[in-house]
Amino acid sequence: EAQVTQNPRYLITVTGKKLTVTCSQNMNHEYMSWYRQDPGLGLRQIYYSMNVEVTDKGDVPEGYKVSRKEKRNFPLILESPSPNQTSLYFCASRIDSPPYNSPLHFGNGTRLTVT
Amino acid sequence: AQKITQTQPGMFVQEKEAVTLDCTYDTSDQSYGLFWYKQPSSGEMIFLIYQGSYDEQNATEGRYSLNFQKARKSANLVISASQLGDSAMYFCAMREDTDKLIFGTGTRLQVFP
Numbered sequence: 001e002a003q004v005t006q007n008p009r010y011l012i013t014v015t016g017k018k019l020t021v022t023c024s025q026n027m028n029h030e031y032m033s034w035y036r037q038d039p040g041l042g043l044r045q046i047y048y049s050m051n052v053e054v055t056d057k058g059d060v061p062e063g064y065k066v067s068r069k070e071k072r073n074f075p076l077i078l079e080s081p082s083p084n085q086t087s088l089y090f091c092a093s094r095i096d097s098p099p100y101n102s103p104l105h106f107g108n109g110t111r112l113t114v115t
Numbered sequence: 116a117q118k119i120t121q122t123q124p125g126m127f128v129q130e131k132e133a134v135t136l137d138c139t140y141d142t143s144d145q146s147y148g149l150f151w152y153k154q155p156s157s158g159e160m161i162f163l164i165y166q167g168s169y170d171e172q173n174a175t176e177g178r179y180s181l182n183f184q185k186a187r188k189s190a191n192l193v194i195s196a197s198q199l200g201d202s203a204m205y206f207c208a209m210r211e212d213t214d215k216l217i218f219g220t221g222t223r224l225q226v227f228p
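Line by line, the protein sequences are chains R and E. In terms of our numbering, the first sequence opens at residue 1 and continues consecutively. In terms of our numbering, the second sequence opens at residue 116 and continues consecutively.
The hints are simulated quantities; they were obtained by calculation from the structure and are not laboratory data. Positions of the beta carbon are idealized from the N, C-alpha and C atoms, including for glycine. Hints may be right or wrong, so weigh each one.
Stated by the list, open to error - In silico negatives: residues of chain E with every beta carbon more than 12 Å from chain R:
{"hint": "1", "residue": "Glu130"}
{"hint": "2", "residue": "Arg178"}
{"hint": "3", "residue": "Asn182"}
{"hint": "4", "residue": "Lys188"}
Stated by the list, open to error - The calculated BS3-like cross-link candidates involving lysine-lysine, where the alpha carbons are at most 27 Å apart (straight line), are:
{"hint": "5", "chain 1": "R", "residue 1": "Lys69", "chain 2": "E", "residue 2": "Lys215"}
{"hint": "6", "chain 1": "R", "residue 1": "Lys18", "chain 2": "R", "residue 2": "Lys57"}
{"hint": "7", "chain 1": "R", "residue 1": "Lys65", "chain 2": "E", "residue 2": "Lys215"}
{"hint": "8", "chain 1": "R", "residue 1": "Lys71", "chain 2": "E", "residue 2": "Lys215"}
{"hint": "9", "chain 1": "E", "residue 1": "Lys188", "chain 2": "E", "residue 2": "Lys215"}
{"hint": "10", "chain 1": "E", "residue 1": "Lys215", "chain 2": "E", "residue 2": "Lys118"}
{"hint": "11", "chain 1": "R", "residue 1": "Lys17", "chain 2": "R", "residue 2": "Lys65"}
{"hint": "12", "chain 1": "R", "residue 1": "Lys65", "chain 2": "E", "residue 2": "Lys118"}
{"hint": "13", "chain 1": "E", "residue 1": "Lys118", "chain 2": "R", "residue 2": "Lys57"}
{"hint": "14", "chain 1": "E", "residue 1": "Lys118", "chain 2": "E", "residue 2": "Lys188"}
{"hint": "15", "chain 1": "R", "residue 1": "Lys57", "chain 2": "E", "residue 2": "Lys215"}
{"hint": "16", "chain 1": "E", "residue 1": "Lys118", "chain 2": "E", "residue 2": "Lys185"}
{"hint": "17", "chain 1": "R", "residue 1": "Lys71", "chain 2": "R", "residue 2": "Lys18"}
{"hint": "18", "chain 1": "E", "residue 1": "Lys185", "chain 2": "E", "residue 2": "Lys215"}
{"hint": "19", "chain 1": "R", "residue 1": "Lys17", "chain 2": "R", "residue 2": "Lys57"}
As the list claims (entries may be wrong) - Partial list, computed: chain R residues near chain E (C-beta under 8 Å):
{"hint": "20", "residue": "Met50"}
{"hint": "21", "residue": "Gly58"}
{"hint": "22", "residue": "Pro103"}
{"hint": "23", "residue": "Leu104"}
{"hint": "24", "residue": "Phe106"}
Just chain R, same shape as in the assembly (with noise of 0.2 Å):
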């Protein structure tokens, strides 16, 4: 089944703990992103990857770390997370080829909190 699939779905941390979210996915696509959701704001770009060995900061890109050393995983760290980063995290996927009305592909998230 194509599927982004990101893990752990919920987390609980301390503030200063590095933790790391994994995103994978299966479609072969190209570009790769993070999100994250707070209430009142939508969803705001953190980090996106055109491809592999290439990533780019989104909006808010602060306090964040990615890498994508393979065209499936896109990995979200947090060195030394704050409780500003409590939210709900996805990641998600496209083919970055024609036709661009390609939709983004989207993980199930990650609601992290940080205490």
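Starting from the known structure of chain R, fit chain E onto it as the hints suggest.
Using the frame of chain R, we list chain E on its own:
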């Protein structure tokens, strides 16, 4: 300025009735795409429908249709014959010549019997 504006934080509709969720956008690009996503209470994001800026006809997908008014920069989602399972958050999003998909703040739709 907001790129995508959804002015209705919440909407109510009775089962079997039609409902329109509003979305206006702001862009100076000639080529862009508009998307609608549904987010049920379980949290996943489900793609519903797409409209391209050069598409002459309004997009339709089953009970979903997109009322695209280019001059007004609006891309309203119309759900016909609402069902209880349509209760969810709905997000409008736009893709310009950049690769980013920009989302609105969403509209929570509640369908009552």
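Proline 103 of chain R was flagged as interface toward chain E. Is the shortest Cβ-Cβ separation under 8 Å?
holds (4 Å)
With a cut-off of 8 Å, does the beta carbon of leucine 104 of chain R approach a beta carbon of chain E closely enough for the hint to hold?
holds (6 Å)
Taking only the CA atoms, is the gap from lysine 57 of chain R to lysine 215 of chain E under or equal to 27 Å?
Holds - the C-alpha atoms of lysine 215 of chain E and lysine 57 of chain R are around 11 Å apart, at most 27 Å.
Holds or violated: is the Cβ of asparagine 182 of chain E farther than 12 Å from all Cβ atoms of chain R?
holds (18 Å)
Given the hint that lysine 18 of chain R pairs with lysine 57 of chain R, does the C-alpha gap stay at or below 27 Å?
Distance of about 20 Å is within 27 Å: holds.
Straight-line alpha-carbon gap lysine 71 of chain R to lysine 18 of chain R, limit 27 Å
holds (24 Å)
12 Å Cβ clearance of lysine 188 of chain E from chain R
holds (18 Å)
When you check the alpha-carbon spacing of lysine 17 of chain R and lysine 57 of chain R, does it fall within 27 Å?
Measuring from Cα to Cα gives roughly 23 Å; hence the hint holds.
Given the hinted pair lysine 17 of chain R and lysine 65 of chain R, is their alpha-carbon gap at most 27 Å?
holds (14 Å)
Please settle this one: arginine 178 of chain E was flagged as non-interface, so is its CB more than 12 Å from every CB on chain R?
holds (18 Å)
Pair hint lysine 185 of chain E and lysine 215 of chain E, alpha-carbon separation not exceeding 27 Å:
holds (20 Å)
Verify this label for me: glutamate 130 of chain E is non-interface relative to chain R, using a Cβ-Cβ cutoff of 12 Å.
Its Cβ never comes within 12 Å of chain R, the nearest being 27 Å, so this holds.
This entry satisfies every hint, going by the numbered hints stated previously.
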